[in-house]
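Chains A and B, in that order, are what the protein sequence lines are.
Anchor point for the first sequence: position 189 equals 189 in the working numbering, and the numbering is continuous, going up by one each time.
To convert a position in the second sequence, counted from 1, into the working numbering, add 1000.
Quick caveat, the hints were computed from the structure, so don't treat them as lab data.
Treat the hints with care, since some could be wrong.
Stated by the list, open to error - Okay, the calculated beta carbon distance ranges per label pair: (1) A:Met38 / B:Ser1159: 23 to 33 Å; (2) B:Asp1061 / A:Thr181: 14 to 24 Å; (3) B:Ala1268 / A:Val89: 23 to 33 Å; (4) A:Pro169 / B:Ser1017: 22 to 32 Å; (5) A:Pro169 / B:Ile1165: 57 to 67 Å; (6) A:Gly24 / B:Glu1172: 42 to 52 Å; (7) B:Glu1054 / A:Leu135: 17 to 27 Å; (8) B:Arg1127 / A:Gly24: 52 to 62 Å; (9) B:Ile1165 / A:Thr181: 32 to 42 Å; (10) B:Gly1133 / A:Thr181: 24 to 34 Å; (11) A:Pro169 / B:Leu1180: 55 to 65 Å; (12) B:Glu1054 / A:Leu16: 50 to 60 Å; (13) A:Leu28 / B:Arg1099: 29 to 39 Å; (14) B:Arg1127 / A:Leu20: 49 to 59 Å.
We treat Cβ as the ideally placed atom computed from N, Cα and C, and that holds for glycine.
For reference, the chains in residue letters:
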Amino acid sequence: MPRSNPGYRGQGGSWLLTVLWLPGIALLVFVLLPLLRMTLAQTPAGLAAVAAMADVRSAIGLSLYTALVTTVIAAILGIPTAYLLSRPVFPGKQILEAVVDLPLAVPHTVAGIALLFVFGREGIVGFFAGKYLGLSFWGTAAGIVTGMLFVSLPYMVNSARAGFEAIDPRLAKAARTLGATPAMVFTRVLWPLALRNVFTGMVLTYARSISEFGAVVLLAYYPMTAPVKIYELYLESGLQQASAAAVLLLAVALFSFILLRYLIGKKRWS
Amino acid sequence: MSYLAIDRLQVQLKGFSLDVSLSLDRHEVLAVLGPSGAGKSVFLEALTGFHALEGGTITLDGQRLDTLAPEQRGLGFVFQDYALFPHLTVRENILFSPRLRKYGRELPRQAREIMALLKIERLAGRRTQQLSGGEKQRVALARALVSEPALLLMDEPMSALDTVIREQLRDELRELLLRLGTTAIYVTHDRNEAACLGHRVAVLFSGRLEQVDTPSRLFYAPASVRVAHFVGMTNTFPAVVENVANGRVYLKAGELRLAAGAPAAPGAAVTAGIRPEEVLLAPPDQAGVENSFTGRVTGVTPQGQFVRVTLDCGVSLTSLLSWRDFQLRQPSPGQTYTVTVEPRSVHLMPPGEL
């Protein structure tokens, strides 16, 4: 009965809260300070100069475009998988679970190299895709999407899965007794209830894709995505120009997140 | 042929098996009473089609149900924790089924009627998260009743509500089912709820029906010691029939001799059962009347509206006294009293322990 003794709870609570705030503030500073410091180090002229560079603009554009394509593919592959994993035990469930999480544990450069073995010119997918579809993964947007997809799929699946798992199984039963077929149960009950988590998964996938460097750089150094371009600027022109491009990417990425969040916010049911 | 015929409905689960036969008339409400784990919910879910059957048939209004998918059975189901759709408003919850079936104008009018009967019209636009427990259960009832199900199944629908709301809603539900003429099966572990709502009560223990009877028969003539205890007939003890004369059966139980109004053969071993409300503390001048004996008080426990007094009369008997009777007699442990039991209140069951 914690409520019966407000004196104890109040005192203990406020003391504990103070202690918890300290790491909270440290975290806030640790995340925000570098980003703010970098942003404040820019001059309007420097930013304008970088923004005028055609290769920087096309790199940012390519990043947004490939991240969006990745998000769509991740949703198509990830949402059914997520629903499957939210179901009660079935044969192979544990294996599927472990495999879905595997990209989180693989260093991204390692992922890139592994992907080359399959999607490179000599790889099983790369070879046949090139021969019959004229599709190459090495040094193309398709390669960039492949790298992004590999590292971001776990975010899509796990987020959507949490959404499906949070649904009381009795809701599906209730819908069945009210005359809904299993397909109707999915479209009218499960899907609307999981939608918010599905969207969160898509935002996370999109964010993870824009920020990906390691897997992408191995599959496609060219055409350059924004993180690769920033790395190149850093090596060739130094911190000043690289940081200006970085701030530009940061601004564009933040704007697109806010836009996505806004679109998702309208779909919320509670 | 009865309206609903359940013939050897069998479900096999890990460490549990269900085997139930039952029949219901149209407009009848049957309460299924049993302790937790007796298989009450499994029984309802088997009727709905959520459990694979090992065997048996369900026939409703001449149509086989057990071969149909749950959504084709036309049953209404009310869940213990309501199972309202959280992404829909109250109105949308109630219209869920009509909208699936794409009916025309007919059903929204029906929805309005059922909402009026359940007094939830003013909640129509609300989110279900903003409702109290009682309101949620009303909405769940409306949602189940709006399509006029051929059979309404209710799985402990009141057990999450607090006492006052529960009793109020129970009485309203009784009225509503009567008024709509709904055929229903109501599952509960509460014997008072079962007696209030059921035209008949079926007692379920470990997946088997032990007795199906009217509430009064169940409370005063339970078929076994297990049922007796479950419906509150707490005084049960083994006895032997000494002789039968003048429509009276004379029993001997240890040192205690008493008469019963029920038929039995001389020499038979039986279990006698007496409801605790029927064990009375009499004024001293009642000594010598039929079925009066001395009892020593061994315990006094307040029970809310009653006081429970345990007595040693040769066998141990429990008496439930109203507060008025308690204050009149003022029993306290160690005192002896004259205890009387009407012969017709002594019920005889086959011998057997719990």
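Tested hints:
1. A:Met38 / B:Ser1159: 23 to 33 Å: violated (60 Å)
2. B:Asp1061 / A:Thr181: 14 to 24 Å: The hinted range 14 to 24 Å holds for B:Asp1061 and A:Thr181, with Cβ atoms some 22 Å apart.
3. B:Ala1268 / A:Val89: 23 to 33 Å: violated (54 Å)
4. A:Pro169 / B:Ser1017: 22 to 32 Å: For B:Ser1017 against A:Pro169, whose Cβ atoms are near 23 Å apart, the range 22 to 32 Å holds.
5. A:Pro169 / B:Ile1165: 57 to 67 Å: About 26 Å separates the Cβ atoms of A:Pro169 and B:Ile1165, which means 57 to 67 Å is violated.
6. A:Gly24 / B:Glu1172: 42 to 52 Å: holds (51 Å)
7. B:Glu1054 / A:Leu135: 17 to 27 Å: At roughly 54 Å between Cβ atoms, A:Leu135 and B:Glu1054 fall outside 17 to 27 Å, so the hint is violated.
8. B:Arg1127 / A:Gly24: 52 to 62 Å: Since B:Arg1127 and A:Gly24 have Cβ atoms about 32 Å apart, the given range 52 to 62 Å is violated.
9. B:Ile1165 / A:Thr181: 32 to 42 Å: holds (35 Å)
10. B:Gly1133 / A:Thr181: 24 to 34 Å: holds (31 Å)
11. A:Pro169 / B:Leu1180: 55 to 65 Å: violated (29 Å)
12. B:Glu1054 / A:Leu16: 50 to 60 Å: holds (55 Å)
13. A:Leu28 / B:Arg1099: 29 to 39 Å: violated (48 Å)
14. B:Arg1127 / A:Leu20: 49 to 59 Å: Violated - the Cβ-Cβ distance for B:Arg1127 and A:Leu20, about 32 Å, lies outside 49 to 59 Å.
In summary, the numbered hints that this structure violates are 1, 3, 5, 7, 8, 11, 13 and 14.
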